Amino acid sequence: MNPYSTLRLMFAFLGGVVLLFIVAPLAGMFLETEMPELVEATGDRQVTGSIQLTLWVSALATLFFAILAVPFAYLLARRDFPLKKLVLGIVDLPVVIPHTAAGIAVLGVISRDTLVGRAAESAGLNLVGHPIGIGLAMAFVSIPFLINAARDGFEHVPVRLEQAAMNLGASPLRVFFSVSLPLAWRSIVGGMIMMFARGMSEFGAVVIVAYHPMVAPVLIYERFGSYGLQYARPVAVLFILVSLATFILLRTLSRAPYVKASGNK
Amino acid sequence: MLKLQGISKSYSDFRIHGIHMEVQAGDYFVVLGRSGAGKTLLLETLAGIRSPDEGRVVLDGHDITRQRIQQRQVGLVFQDHAIFPHLTVAANIAYPLKRKGYSRSEIRRQVQELATTTGLSHLLERYPRTLSGGEIQRTVLARTLARKPRLLLLDEPLASLDVQYKRELQSLLRRLNQQGQTIMHVTHDYEEAIALASKVAVMDRGQIQQQGTVEEVLRNPSSSFTAQFVGIRNFFRGRVGSLPGKEHKKVVLDGSPLALLAPPDTPEGDAIVTLEARNIILSRSEPDSSALNKFAGTVQDVIPTPKGLEVIVDVGEEVAVMITRESLERLHVEPSARVWISFKASSLDIKKR
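For the protein sequence lines, the chains are A and B, in the order given. Read the first sequence against this note's numbering and you will find it ends at 265, with the numbers running on by one and no gaps. Read the second sequence against this note's numbering and you will find it ends at 1353, with the numbers running on by one and no gaps.
The set of hints was computed from the structure by calculation and includes no laboratory data. Only a predicted model underlies this, so the values are computations on that prediction, with no experimental measurement involved. Beta carbons are placed, not taken as given, at the ideal position from N, Cα and C, and that holds for glycine. Incorrect hints may appear among the rest.
Here are some of the chain B residues that sit facing chain A, going by a computed Cβ distance under 7 Å [what the hints assert, rightly or not]:
id: 1; residue: Ile-1049
id: 2; residue: Leu-1076
id: 3; residue: Ala-1082
id: 4; residue: His-1086
id: 5; residue: Tyr-1095
id: 6; residue: Pro-1096
id: 7; residue: Arg-1099
id: 8; residue: Arg-1147
id: 9; residue: Pro-1257
id: 10; residue: Leu-1261
Excised from the complex, chain A in its bound form (with noise of 0.2 Å):
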């Protein structure tokens, strides 16, 4: 008998009920979700614009902040500076701080009497309770995601390709958008499906900056705290069907036409 097979068990059933413990309460609900009901909340106007209003304001956060972000992970990847740890401790800060305070850090920024909500102001608009304070919620949670995925794609983006394609004429600019970015093409735009799935479902930070206009997890916390379980499961499992719709497509719009060489680490 293999003498690792008896561990394999082991692990295999540690693996199963870590499983179990994922799908079973998605299955549940799922299960307990009545059909009826679920047509009924795909005709509900609040819900499927909570649905449509998430996934936008969720994927522009996403590009607006993936522009400013991908230069930056690069930076990080590429180059040694000092107090490049405590650069790399505050991009991860969000994900270690609770929501709901990250909530509030947003909303200080962006509130009519700072700087930052004025100067909205000024152009007409009030980022409190605006897709676009939402935007910046959502971002301020979840672009620790898109950063560490890019930094680690650029990471692996051989330094001699780039030193090779430099060689051959190329500006460090047409380097980056020729070799650097498409190489690590794969991470970042994981990095950037992460980002987008991360705000999506992000509650407490944007229930802070925004009550209304609801996006979808508000709406199912609203609909849970006012009516109960039985009217917000609907809502739920319809928010997750579209969600995960979404990912399947993305990662498949997502797929690069290479595999990388392994000559080139």
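Add chain B to chain A, keeping to what the hints say.
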């Protein structure tokens, strides 16, 4: 065309020091050295990937020491290829052309031309992951040539190839050089140097030990390192003097109890002595041959080589003897065995130093 004037550079564990070198247009210049000798660092410094701590790099009369990588007319083929894995062979080759503002049809024409030269025409649409080592090597070579470098730098270009690809690439490199491409090629393999080089520099521990034409360096190795490196196993320094009452000369080796007998016409004075391993005869008992040089010693090691077995014998000085496998079995040569070596005075190659 290329002049290196006192180049020094330390980077990570590698160091090159006081490198002076001159490459003429049309040269096939081979830098020979063990791994870790600083060959790659030298190429990277020439290409501008590293800037030297000291010294100047002059190309065609212009000081390019501080010039940016992109502006240098120096193309480097990396040892690990650095092929762009996300681009097809054609796109890899076209990479340096896109910047120059050529039209699409012009780029396509040049890519075709380079692909024909390097034998890649049938692979243009393929991605690197589907290519063999030799095909990847030719792709990066074509890509570097597309830039039309004044000087082509090759870092161990044949190291990872099997025999057939090696021969193909060697003849391609020779052809490119004959067409006027100046090449600097670094390698650890002296047979590559003999096969390709017009000039050679031997590098050890970050310094150039010797440079010149291949013949000069092979015939007159100036140090035991160069000698060993170019395949000469027995290299000694000594002093040639006369022997009272005899016409033969005596060579007393530096720092060694050993004295060799040399032909009568050997000029006296300090000399470098080389002795080919295959000109030495190995026996278990004292040979009764006419050879003037006979020494008893102990076998230190037996090393298989492509040409036979190299037996290292300690006769007060370590001497390498080349024998066949049959001789090894017949003589029962093994480490710590007592043996005799003998060779003629005329086998010694003695040069004044």
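| query | What hint numbers does the structure not satisfy? | reply | 9, 10
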